[in-house]
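Undergrad: Could you build all of it, start to finish, from the sequences and the hints given here?
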Amino acid sequence: MAREKPRLGGVFTRRAMILAAGQVGLFGLLGLRLYRLQVRDGAHYAMLAKDNRVSARLVAPPRGEIHDRAGALLAGNKPHWRALLMVDATTDAKATLAAFNRLVPLDAAERLRIQREIKVHRPFIPVLLRDFLSWDQMAALAVNAPALPGLIVDVGTTRLYPFGTTMAHLIGYVGPPTEAEVRASPVLALPGIRVGKAGVERGRNGALTGVPGMVRLEVNALGRVIRNLARNPGTPGETVRLHLDANLQSQAVARLASERSASAVLLELGSGAVRAIASTPSFDPTLFDTGLSARQWKAWMTDKRAPLLDKALAGIYAPGSTFKPVTALAGLTSGGISPGTRFFCPGYLDLGGHRYWCWEHGGHGWLDLPSAICQSCDVFFYHTALATGIDRIAAMANRLGIGVPPEIDIPGAASGFVPTREWRRAHGKAWTLGETVIHGIGQGFDQVTPLELAIMAARVATGRAISPRVAAEVGAQALPETAFPELGIPEAYLAIVRQGMREAVNNPLGTAYASRLTDPKMEMAGKTGSAEVVNLSKAEAAANFNTANLPWQFRPNALFIAFAPVANPRFATAVVVEHGHEGAEAAAPIAKVLMEAAFGMVAASRARVAGAPA
Amino acid sequence: MSVKGGPLQRAEGRLLRVTSFDFTRKIARINWFFVALVVLLGGVGALSLYSATGAFDPYAKRQLLRLAVGFALMLAIAFVDIRIIARLAWPLYAVSLVLLVMVLKFGSVGLGAERWLSIGGVAVQPSEFMKVALVLALAHWFHRASWERIGNPFFLLLPLAATLLPVVLILKEPNLGTALIVLAIGATTFFAAGVRLWSFALALVLGGLATPIAFAHLHGYQKARILTFLDPARDPLGAGYNIIQAKIALGSGGMWGQGLMHASQGRLDFLPEKETDFIFTLFAEQFGFVGSIALVGLLCLIVCTAGAIALSSRHQFGRLVAFGIGMNFFLYVFVNLAMVMGLIPVGGVPLPLISYGGSALLTTMASFGILLSVQVHGDADFTPKREGV
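If you read the protein sequences in the order shown, they are chains A and B. By this note's numbering, the letter at position 337 of the first sequence is numbered 462, and the numbering carries on one by one without gaps. By this note's numbering, the letter at position 72 of the second sequence is numbered 93, and the numbering carries on one by one without gaps.
FYI, nobody ran anything at the bench for these hints, they're computed from the structure. A couple of the hints might just be wrong.
If the Cβ cut is set under 10 Å, some of the chain A residues that face chain B in the computed set are [unchecked claim]:
{"hint": "1", "residue": "L151"}
{"hint": "2", "residue": "M172"}
{"hint": "3", "residue": "G588"}
Don't be surprised by glycine CBs; every beta carbon is placed ideally from N, CA and C.
TA: Next up, the structure:
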């Protein structure tokens with residue numbers, strides 16, 4: 126019937142209704158879509174909207190201070206003016222830069238760095254234009270502020286080191302983070318953030334840095350700040366208190382300064398506390414923070430005395446005769462020698478067609494172990510080394526802290542070396558007895574650092590595995606004290622070696638008699654050493670060549686280790702004077718001064734405590 | 022004759038076919054309900070534009086002015102006899118076509134498309150005029166056509182050409198969205214006029230075959246829009262940014278909305294083109310699901326009222342014109358909303374009466390005037406004229 130000439134009005138009505146149904150259906154679809162977006166997923170999109178609008182900016186926290194044991198400020202902060210560019214607060218960063226350049230001229234390197242940072246940094250991290258503005262520059266910028274959109278003159282902080290060069294190696298220094306460090310931790314891109322580059326500044330960088338604060342800002346689609354939502358100032362870095370005694374350190378440095386290049390370590394035996402650790406010459410640590418000239422850098426790099434090197438921690442020297450207590454204990458514990466063993470010193474030892482000289486070409490005659498240590502007889506220790514073997518000597522050296530990485534809570538400590546047969550084999554050579562002979566007196570491949578020598582002295586003095594500790598407290602929280610374990614060396618053996626070291630200082634025949642401490646309550650025990658830095662020819666050795674006449678850089682190094690008081694050891698020390706010729710002559714007097722100062726400090730602090738109001 | 026209405030109207034059917042209307046009768050016959058809906062919609066638009074900046078300047082103030090002008094234009098056209106409008110159908114079409122050609126030749130570039138033509142200092146979009154002119158022309162063509170004639174494929178050649186010519190011209194502007202809307206207006210008018218279903222089936226098959234070829238000829242940005250629509254994450258800071266930010270704005274509106282002037286997406290400029298194409302998201306973020314559904318309901322009501330006006334007309338011209346105008350409005354609304362909701366690709370289609378823009382607003386108001394005129398002159402007698410075919 127529909128075939129029969131449909132009326133157009135009817136057709137329209139039908140078809141219009143179909144289309145209207147379609148329209149309403151599509152409106153329904155829009156409604157469903159709205160439900161899905163706004164009701165079902167509304168929370169999700171609300172979160173995305175919040176992400177859009179809220180931008181968190183980090184605020185650099187003040188870096189923690191470093192104090193000495195008595196609370197004296199060793200590293201702090203001082204304010205200074207700096208110019209920052211907020212890239213997202215200006216439409217034309219180039220124009221602002223040009224205007225800035227007219228007031229505070231920037232050099233080419235600075236301009237390059239700024240352009241790179243503008244490109245690399247996210248727009249809401251301000252770019253540092255110039256640090257350490259003079260007051261005049263700061264005033265000029267403030268006056269011209271309207272012509273400098275996006276420029277902020279800000280108070281920054283510089284690291285302050287009241288003791289300057291005195292403890293630069295121990296405290297270390299800070300500097301701007303490297304690009305690699307910034308990539309690893311974007312927080313470091315904040316201007317004014319400083320990273321510890323050496324010493325305590327580096328070792329305790331985590332605690333000193335603190336937690337960055339955060340400003341939550343509302344930003345628009347272009348990243349422009351609309352308003353502040355919240356501000357959290359962050360947590361300042363924690364104060365790190367060291368075991369170091371700033372007065373003792375100052376005295377040590379003052380005494381070391383009379384030598385061209387020297388280092389010293391003084392440990393307290395109970396806790397392993399580093400009371401003084403000095404390396405001269407030194408450097409001004411603030412230069413790394415405030416900007417280092419190329420000339421200064423070159424001067425440091427070409428100085429033969431290596432002012433940047435912490436010689437106490439990383440200076441590597443042949444131990445010379447200071448090694449003899451190691452050989453002695455290795456001999457005693459391995460049965461190579463016994464406490465009663467005596468050797469005859471004719472002034473030399475012939476072995477395998479080679480004559481090994483004693484430093485005393487005239488010979489010492491019959492000697493027991495304490496006298497051998499006292500007079501530093503080489504022949505006695507040639508025999509001891511031969512009876513013990515290099516591997517046992519190396520094992521004892523390691524036990525006493527030589528040739529193993531030192532356990533110390535700052536970075537940069539090197540470790541010395543004592544060879545073994547296996548090491549020699551690995552290098553394609555067979556170990557010879559002649560090598561055993563010279564390694565027994567700390568020559569050949571034997572290497573130590575001053576810190577290792579101090580550790581060795583401390584371990585011999587106590588029989589415990591003492592390790593040095595630099596930091597005492599972090600953030601008013603005392604660091605746990607380690608109970609140093611026994612080394613397992615029989616007390617009788619230690620006693621006999623200590624006896625020898627006591628005589629070396631207090632027996633008129635002893636090598637360091639001139640540096641003895643006269644107060645019997647502070648009786649010092651020690652061992653001298655002098656290690657050649659160039660090989661003397663056989664002829665020179667035979668002629669008892671006087672090394673004191675060599676040019677400075679070829680003279681032997683002077684070394685001295687000591688502990689005191691002998692009866693109840695409280696301090697151990699090691700002193701190395703580069704090219705100081707003889708330990709007894711150059712190093713031992715410094716150790717004497719250090720020990721006296723250390724005891725003086727004790728007395729002074731006792732007096733302080735006694736005099737303090739209750 | 023099919024006569025709608027109550028028994029009285031039916032009885033007086035013949036008598037009510039009048040050739041002239043007096044002014045007071047016209048006022049009484051105006052669909053004031055529809056006028057109220059339009060005013061309400063215009064108010065929502067002005068409010069949304071106010072919220073775009075938080076001030077009457079510059080958008081809301083100028084939009085209100087345009088709304089006032091458009092409102093006057095709508096009422097003025099409502100009084101114009103539908104038969105005069107019918108006589109003007111083809112001339113209007115011809116003018117629109119000329120303008121479309123002119124916009125291709127002299128049009129100014131806006132957002133990568135030549136869509137604007139400056140006439141006496143006023144920027145106009147000829148494609149807007151064409152949509153109404155096409156409805157009028159097709160309605161005029163089919164007005165007196167018999168069922169048999171409509172069945173004749175040759176009878177359809179002229180309206181087909183009249184539809185495809187502007188589609189091609191608008192595609193060349195290039196404005197894919199508007200071209201498709203014009204095509205849909207033509208197709209739905211054909212359908213409502215009674216064109217046989219097999220014709221549509223044939224057109225679908227041919228269109229399906231032509232799609233891959235057409236896609237190959239699309240502009241790079243048009244392809245990008247389609248591809249970005251299919252996967253907005255493809256380019257989150259480029260072409261996909263708009264869709265992602267629009268969805269975030271919609272979604273963060275939640276059930277009740279963030280409140281007037283409290284919506285961060287719009288206030289902080291994350292929303293693209295928030296005062297024009299994406300204005301719905303600005304509204305939805307502030308007024309939430311409840312407000313959005315109310316606005317969609319209002320738009321649906323306007324479309325349905327236009328449909329009711331079409332059904333109330335007693336002549337085919339009026340039916341087709343009212344239906345076409347309703348369909349035009351619906352297509353704009355749907356394409357815009359579906360676009361900002363991420364249902365269809367992004368194309369420069371504004372939301373009528375809400376989006377900021379003069380050309381589209383005035384054209385919409387004028388078309389509503391014609392719609393009102395259809396109802397006012399629903400009983401008009403075309404007989405004496407004997408025109409059309």
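Undergrad: Now tell me if each hint is right for this structure.
TA: Here is how each hint holds up against the structure:
no., hint, result
1, L151, "5 Å, holds"
2, M172, "8 Å, holds"
3, G588, "69 Å, violated"
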